[in-house]
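**Student:** Order-wise, the sequence lines are chains A and B.
Its first residue numbered 1, the first sequence is counted upward by one per residue in full-length UniProt numbering.
Its first residue numbered 1, the second sequence is counted upward by one per residue in full-length UniProt numbering.
Since the hints were made in silico from the structure, they are not lab data.
All C-beta atoms in this analysis are idealised placements derived from N, C-alpha and C, irrespective of residue type, glycine included.
Hints are not guaranteed to be accurate.
Partner residues are not named here, just some residues of chain A that face chain B (Cβ under 10 Å, in silico) [to be verified]: (1) 18; (2) 22; (3) 23; (4) 24; (5) 25; (6) 27; (7) 50; (8) 51; (9) 52; (10) 53; (11) 55; (12) 69; (13) 208; (14) 210; (15) 214.
Facing chain B, from chain A, some residues (calculated, C-beta under 8 Å) [what the hints assert, rightly or not]: (16) 21; (17) 49; (18) 154.
This is what each chain is made of:
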Amino acid sequence: MKACYGTSLPNPLMLGTAQYPSPAILEQAFRDSGAGVATVSLRREAGAGQTFWQMVRDLSVLVLPNTAGCHTVKEAVTTAHMAREVFDTKWIKLELIGHTDSLQPDVFQLVEAARVLSEDGFEVFPYTTDDLIVGERLLAAGCEVLMPWGAPIGSGRGLNNEYALRAMRAEFPEIPLVIDAGIGLPSHAAHAMELGYDAVLLNTAVARAGDPAAMAKAMKLAIEAGRLAYQADPIEARDMAEPSTPVIGKAFLS
Amino acid sequence: MTVWSIIGAGVAGLAVASELVARGAKVQVFDPGGAPGPHGCSWWAGGMLAPWCEYENAEEPVLRLGQLAIDWWAKRTQVHRRGTLVVANSRDLPDLCCFARRTEGFSEVDTGEIAKLEPYLHRFGKGLYFDAEAYLNPRRALLDLSHQLQDHGVEFHHARAPTGLDNAIDCRGLHARENLQDLRGVKGEMLVIRCPDVTLTRPIRLLHPRVPLYIVPRGDGVYMLGATMIESEDSSRITARSMLELLSAAYALNPAFGEAEVLEIGVDLRPAFPDNLPRIRRLGPTIYANGLYRHGYLLAPALAKGVADLALDNKHSEMVDEDCT
Numbered sequence: 001m002k003a004c005y006g007t008s009l010p011n012p013l014m015l016g017t018a019q020y021p022s023p024a025i026l027e028q029a030f031r032d033s034g035a036g037v038a039t040v041s042l043r044r045e046a047g048a049g050q051t052f053w054q055m056v057r058d059l060s061v062l063v064l065p066n067t068a069g070c071h072t073v074k075e076a077v078t079t080a081h082m083a084r085e086v087f088d089t090k091w092i093k094l095e096l097i098g099h100t101d102s103l104q105p106d107v108f109q110l111v112e113a114a115r116v117l118s119e120d121g122f123e124v125f126p127y128t129t130d131d132l133i134v135g136e137r138l139l140a141a142g143c144e145v146l147m148p149w150g151a152p153i154g155s156g157r158g159l160n161n162e163y164a165l166r167a168m169r170a171e172f173p174e175i176p177l178v179i180d181a182g183i184g185l186p187s188h189a190a191h192a193m194e195l196g197y198d199a200v201l202l203n204t205a206v207a208r209a210g211d212p213a214a215m216a217k218a219m220k221l222a223i224e225a226g227r228l229a230y231q232a233d234p235i236e237a238r239d240m241a242e243p244s245t246p247v248i249g250k251a252f253l254s
Numbered sequence: 001m002t003v004w005s006i007i008g009a010g011v012a013g014l015a016v017a018s019e020l021v022a023r024g025a026k027v028q029v030f031d032p033g034g035a036p037g038p039h040g041c042s043w044w045a046g047g048m049l050a051p052w053c054e055y056e057n058a059e060e061p062v063l064r065l066g067q068l069a070i071d072w073w074a075k076r077t078q079v080h081r082r083g084t085l086v087v088a089n090s091r092d093l094p095d096l097c098c099f100a101r102r103t104e105g106f107s108e109v110d111t112g113e114i115a116k117l118e119p120y121l122h123r124f125g126k127g128l129y130f131d132a133e134a135y136l137n138p139r140r141a142l143l144d145l146s147h148q149l150q151d152h153g154v155e156f157h158h159a160r161a162p163t164g165l166d167n168a169i170d171c172r173g174l175h176a177r178e179n180l181q182d183l184r185g186v187k188g189e190m191l192v193i194r195c196p197d198v199t200l201t202r203p204i205r206l207l208h209p210r211v212p213l214y215i216v217p218r219g220d221g222v223y224m225l226g227a228t229m230i231e232s233e234d235s236s237r238i239t240a241r242s243m244l245e246l247l248s249a250a251y252a253l254n255p256a257f258g259e260a261e262v263l264e265i266g267v268d269l270r271p272a273f274p275d276n277l278p279r280i281r282r283l284g285p286t287i288y289a290n291g292l293y294r295h296g297y298l299l300a301p302a303l304a305k306g307v308a309d310l311a312l313d314n315k316h317s318e319m320v321d322e323d324c325t
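Just chain B, with the same shape it has in the complex (with noise of 0.2 Å):
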């Protein structure tokens, strides 16, 4: 029987791993970072699935193949379906006009509204509130994967790939550069907080100029502040700015805020290609899945869904570069 090789156990590499393994596929994964941490640019995701609010600065594939990630993920790790709140300044009221002219699938939100969804939320006057969506901790999902493939049998070797392999199929994001002429890092800031005294239950957005803010709940007071899209490779630090922007972001939210615990600071590079959506690529022996940009849990079912189609029954999804088979 066939074995599959993965190389690199980010949320790329895992969900492929277990997409083929559901479907009855062997697979072994190769990753000399060792089990999922913050080596691998997953682990500083903020683990929102939400399609319908992406797709107000994203290409159509993200709004239809993002869909089938809530389900995906519900059936391997804990998935919060609660929906996302968005929010804007009164000065920023415009661009939440915008936002919702470019998205579907929100009702619009009174103060009133907005109360009774996050009673913490109480300096916004009209929001959108957009129910379907869901979100997840990433690094939990992380975990869940690679112990339900331990279960299943697949080992896991903290060491590189070797060359030549047959089979392999490369989910290294942007380490696969060598390879992958056209991938970019992205660079991106996070941080994690915690703050006991606010209390918020779902992913809230706040609308800003330049990039879009979010505040995703970790449980137990602590919340992910997110996350800045810079054109630069350069993954060694945050910026003074981009602290700023985070923490003011949290502050406008609710000034309890400012009472937070700053518990980590994380920067790190996705992957993207020139029209930031995922491709799969045949080169050679091995298959390359990667270019997940900023939407690596919400994009990662339909990738492995991609690459199983194109591994086990050699169907080329629209994902798949024909050109380069």
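Pulled out of the complex, with its shape left as it was, chain A reads as follows (with noise of 0.2 Å):
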């Protein structure tokens, strides 16, 4: 697996700390999936989520956090900044809301953070579109991974333009790709790992699921079917059957 800003992931599940029933259960959910990266939304608690972070950082997996809520350059930058003190990592989960209703982002102030926080030190982990163009830019300004969404944030309608995002990985072949956002099931997360992306990211699938430990099993082994599955080399569909037995024998009647 392709390492990250030199770091290598443990795995390939990136999980999300926000919306579980209770932090005994965002533990176990965490334990249960083997995530080896854990992303934290700085945003919302503002400054006076020291017991909550302390609870993330006790989960003992790298910490990626987030700017999630931010919707200007300026914004994201501040709690970059803050993310940096908080957990003492160069890594941001840059996230640059463009749309209130689709969460999707806007790409142009976020090639711009991008930028920013890249010149300044920062590992820049950017949420974007499927679009290679962007995808580019945000290389350009300094970023060595792309995070481009399966579909908007806690739709968990899976990978909504496959198209797009097979091309995304044939663009950038050296590149770490990672599906954040839109993973409802399990087999979506596979779908993800089966076009060779290297992570996926997700929170609302588990921590809103029932049974979010349960669920986050299921995660890990999807995950890891799927990724086994792309170093298989699967064989191509076709139109009509391939038969597995021999036909010497059989009557030609056409």
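From these two lone chains plus the hints, build me the complex, please.
**Tutor:** Structure, rendered in structure tokens:
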């Protein structure tokens, strides 16, 4: 698996820490998922979430703080600085929301914020769309990882545009690519891995499941299956059956 | 005769005192804040006795133990047994299906049935009606409990409890934190509004992707709108975002809420343990009862019974942390 800014992830699952019924269930979900990275929001707790942040540190996984809820470059940069202090990390998941209903990223501000933060020594994980040119601009701005969406945040719709995501994988073969947002089911996560993506970032699908810990485990298994399948070089789909047993001796009727 | 000293006169302390007195014990109550008021987070509660709805996002004990609450409170204060109505905006209907799958004790209602229950709600095509649920007015409940206790001769000390008390029961919520290391505060924000143009007669929940928003009638056109749940321990003020979300919920129920007056803004911290379930712990000479989280009025009766069982009969209910006794 490709390293992100020189750090090899222990496994391809990044799990969010929001919306769980309780911190105890959050902890259980992390244990059962084996996730190697925890994403955590700073903005909503705004300086007074120390107890919660300590719980996240106590999960003993890599922490990827995010700028969830930021709508401008300035907000995102301020939040990133706060994250660097709170979690003592250069990593920042850069999220710049451009639309209230779809929560889709404002890619213009995203590129600008990525440039500002990269120049300042941050290692930026940008939450972006599946647009190739935006991806190029983000790399030019200093990003070494891209995190395209599968579908809008929390929608659970899976990979909305498989064609674009395949194109992105083909366009950036050397760059770690993470599907961020839209995963609802383990089959979606497996699908992302089968396309050759390096990791999957999800939150709502686990946190809001009836049994978050069980869903966390299901995601872990699906991601493992998807990655193995990609490495195993799957067959191509065909329009007609390809017999797996010999046809010698069968009569030619036409 | 043993005198039990209850420390803290919020919903936990008063419920424990009430349960002990009901079982014939002698108690006194310490609270430097004096009579129930805005200094305690119980003052800002919704007062919904809604174990079936809460079960959507809570563990099984909340459903089972919460069912004790309605009758327990009805013996002590006015309880309105009018059920709960759950609705969702059309874009959030998948959340209503999910809510239905994860709860029990409801019937599905359509536009006509919703209009019969609540004539002022006419924008919703589908809802869930939990007919066995109830609600109370938390402030009235606290005052009723303290008056009843005073009538029974319970002494209220408007002061800190002296240190080294024997037979102390600490119900101070987040203030007991120095002795309960795994306790944390979860920020909650609420509004009290007055809108005589709208009449709602039972708690209404509006499903929302992030927080369960609800509106509880307080009578005379006054409504309580709640409540956010934020993993933050800053209780100094409400944020604009939270206020927008709360008011938008009311507006979505009926646009006439746009004309409501905002009477009060409440912000406080709910005491919670990591699994968000209450606990009873004996540490040295003191029994600690804490961690009611967002279920103050719903679970205080069960917590009070557990404390009384432990204090009077040395019986260990499921809330008692065995390894700490």
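**Student:** Is the interface hint for residue 55 of chain A satisfied, with its Cβ closer than 10 Å to some Cβ of chain B?
**Tutor:** Holds: closest Cβ of chain B sits about 8 Å from residue 55 of chain A, inside 10 Å.
**Student:** Verify the interface restraint on residue 53 of chain A: the C-beta must sit less than 10 Å from at least one C-beta of chain B.
**Tutor:** holds, 9 Å
**Student:** Was the hint right that residue 50 of chain A lines chain B, CB cutoff 10 Å?
**Tutor:** Since chain B brings a Cβ to about 7 Å from residue 50 of chain A, closer than 10 Å, the hint holds.
**Student:** Given residue 210 of chain A as an interface hint, is the shortest Cβ-Cβ distance to chain B below 10 Å?
**Tutor:** holds, 6 Å
**Student:** Hold the hint about residue 154 of chain A up to the distance rule: shortest CB distance to chain B must be less than 8 Å.
**Tutor:** holds, 6 Å
**Student:** Given residue 214 of chain A as an interface hint, is its Cβ closer than 10 Å to any Cβ of chain B?
**Tutor:** violated, 14 Å
**Student:** With a cut-off of 10 Å on the beta carbons, see whether residue 27 of chain A makes it to chain B.
**Tutor:** holds, 7 Å
**Student:** Holds or violated: is the Cβ of residue 51 of chain A closer than 10 Å to a Cβ in chain B?
**Tutor:** Holds. Min distance 4 Å.
**Student:** Holds or violated: is there a CB of chain B closer than 10 Å to the CB of residue 52 of chain A?
**Tutor:** holds, 4 Å
**Student:** Does residue 24 of chain A meet its interface restraint, that is, does its C-beta lie within less than 10 Å of any C-beta in chain B?
**Tutor:** At about 4 Å, which falls below the 10 Å cut-off, the nearest Cβ of chain B leaves the hint on residue 24 of chain A intact, so it holds.
**Student:** For the hint on residue 49 of chain A, does the least C-beta distance to chain B fall short of 8 Å?
**Tutor:** holds, 5 Å
**Student:** Holds or violated: is there a CB of chain B closer than 10 Å to the CB of residue 69 of chain A?
**Tutor:** The hint holds - residue 69 of chain A has a Cβ within 10 Å of chain B, the shortest such distance being about 8 Å.
Against the hints set out earlier in the document, a violation occurs for number 15 only.
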